[in-house]
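Engineer: As a plain string of letters, each chain reads:
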Amino acid sequence: MKIRKDLARLFLFIATIYWGIWLGGYIFNALMVVPLWSHNPPDSMLSYFREPHFLLYFFSAVNPWVFLVSLIAWLLTIKLDTGSGAWLGRATLIAWIMLPLKIWMIITIGGVVGATMQGNFEPNMINTISLWKNLNWLTITTATVILTLHLLAILNFNNPRRTKERIS
Amino acid sequence: MRKRIAAFLLMASIAAWGIWCGGQVFNELMVVPKWSASPPETIKAFNEIPRKGGAPFFVLFNPLFVILAILSAIFAWKWARRSTKWLALSVVIALAVFASLMLYLVPLVGSTQAHAMAGDLPAAEIIARVEEWKFGNRIRLLVELCGFVFSIVALHVWSAESNEVKDRQQVRQANNQTVMTETVGGKYENS
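Chains as they are written, first to last, in my numbering: chain A, 1 to 168; chain B, 169 to 359.
Think of the hints as simulated: they come from the structure by calculation, not from any bench.
Heads up, the beta-carbon is just placed ideally off N, CA and C, and yes, glycines get one too.
Keep in mind that a hint or two might mislead.
[What the hints assert, rightly or not] Simulated restraints, written as ranges between beta carbons of each label pair:
id, chain 1, residue 1, chain 2, residue 2, range
1, A, 4, B, 256, 30 to 36 Å
2, B, 299, A, 10, 50 to 56 Å
3, A, 4, B, 215, 33 to 39 Å
4, A, 75, B, 228, 33 to 39 Å
5, A, 120, B, 311, 42 to 48 Å
6, B, 231, A, 120, 23 to 29 Å
7, B, 172, A, 68, 29 to 35 Å
8, A, 115, B, 170, 55 to 61 Å
9, A, 7, B, 172, 27 to 33 Å
10, A, 78, B, 170, 31 to 37 Å
11, A, 117, B, 212, 18 to 24 Å
12, B, 249, A, 7, 21 to 27 Å
13, A, 104, B, 170, 30 to 36 Å
For reference, chain A alone in the conformation it holds in the complex (with noise of 0.2 Å):
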């Protein structure tokens, strides 16, 4: 039971980095890249994309694996006496939730970069660069949500689980 505690402390720590992580790397990208490109489509995206450059891929270096990170924090949890299970269990709900609707705008921005810089753009793209711009913000909001949960487990990882008995 040690081990799985201090299993489950490591990854929850991870968790906790990686969610960080990606929440400052989309608001970056929301309020200093995104802007950029998204100005005046078709041509503000072609100036922008037209030469990529770039060390890692962000967001295919944070996506799948944060998902994750935080689904095994909990499962070590199960079982645990510590209060962060409640927390973390909550924070892994919701990020598995938001996970289609990442998966769906990412494939659809990809499709709508991929159509301008093979000159397909279409006027109803704007619409959908709308809807995704709103759909990135709401994103950030749920994950600062999911941050702020993996904070509180991280505050309660040391204090006892919370069960009927014990409130009673």
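Position chain B relative to chain A; hints supplied.
Structural biologist: Chain B only, in chain A's frame:
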């Protein structure tokens, strides 16, 4: 009440550290390679991209994570024992990062970009300055990530020992009550 404020500030500080580090990681992986690929031409091309909307990430979050690191340490210090070193490390790193940015990295990248736009420095000089900035920026990023991890450890250790402090206070209060009962009652009984 103060303990709750301390817990809230510690959590807010970690969130601000995370957002700041995440933004810097994104910048380092996705944005810096774009304008630094072949300076000074790529710097000019990047700065000439028209932009509309958005907000300055650096101006918003740089003061925020430093202020929250300091405030959380001040409020949490009363209950801190072993966590003092993590709280102190988090504050020292936040201040060091802030100073390195304000005194070295921001002026360096600002002047490099201005010279690249004006075209009044040889390309080799611009390239050397960009490489110097990238090296310094990566070191800063590594130090920042340490600060982020230390702030998480601080919350974890602090939450455990603040409960211990509370328990010790409860035991002390219970002992005081026992002594008072003995004195007032004049007989030896365990309350």
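Engineer: It remains to establish, for every hint, whether it holds in the given structure.
Structural biologist: Going down the list of hints, with the structure as the test:
no., hint, in the structure
1, A/4 to B/256: 30 to 36 Å, "holds, 32 Å"
2, B/299 to A/10: 50 to 56 Å, "violated, 36 Å"
3, A/4 to B/215: 33 to 39 Å, "violated, 53 Å"
4, A/75 to B/228: 33 to 39 Å, "holds, 36 Å"
5, A/120 to B/311: 42 to 48 Å, "holds, 45 Å"
6, B/231 to A/120: 23 to 29 Å, "violated, 44 Å"
7, B/172 to A/68: 29 to 35 Å, "holds, 33 Å"
8, A/115 to B/170: 55 to 61 Å, "holds, 56 Å"
9, A/7 to B/172: 27 to 33 Å, "holds, 30 Å"
10, A/78 to B/170: 31 to 37 Å, "holds, 34 Å"
11, A/117 to B/212: 18 to 24 Å, "holds, 22 Å"
12, B/249 to A/7: 21 to 27 Å, "holds, 26 Å"
13, A/104 to B/170: 30 to 36 Å, "violated, 45 Å"
The structure is inconsistent with the numbered hints 2, 3, 6 and 13, although it conforms to all the rest.
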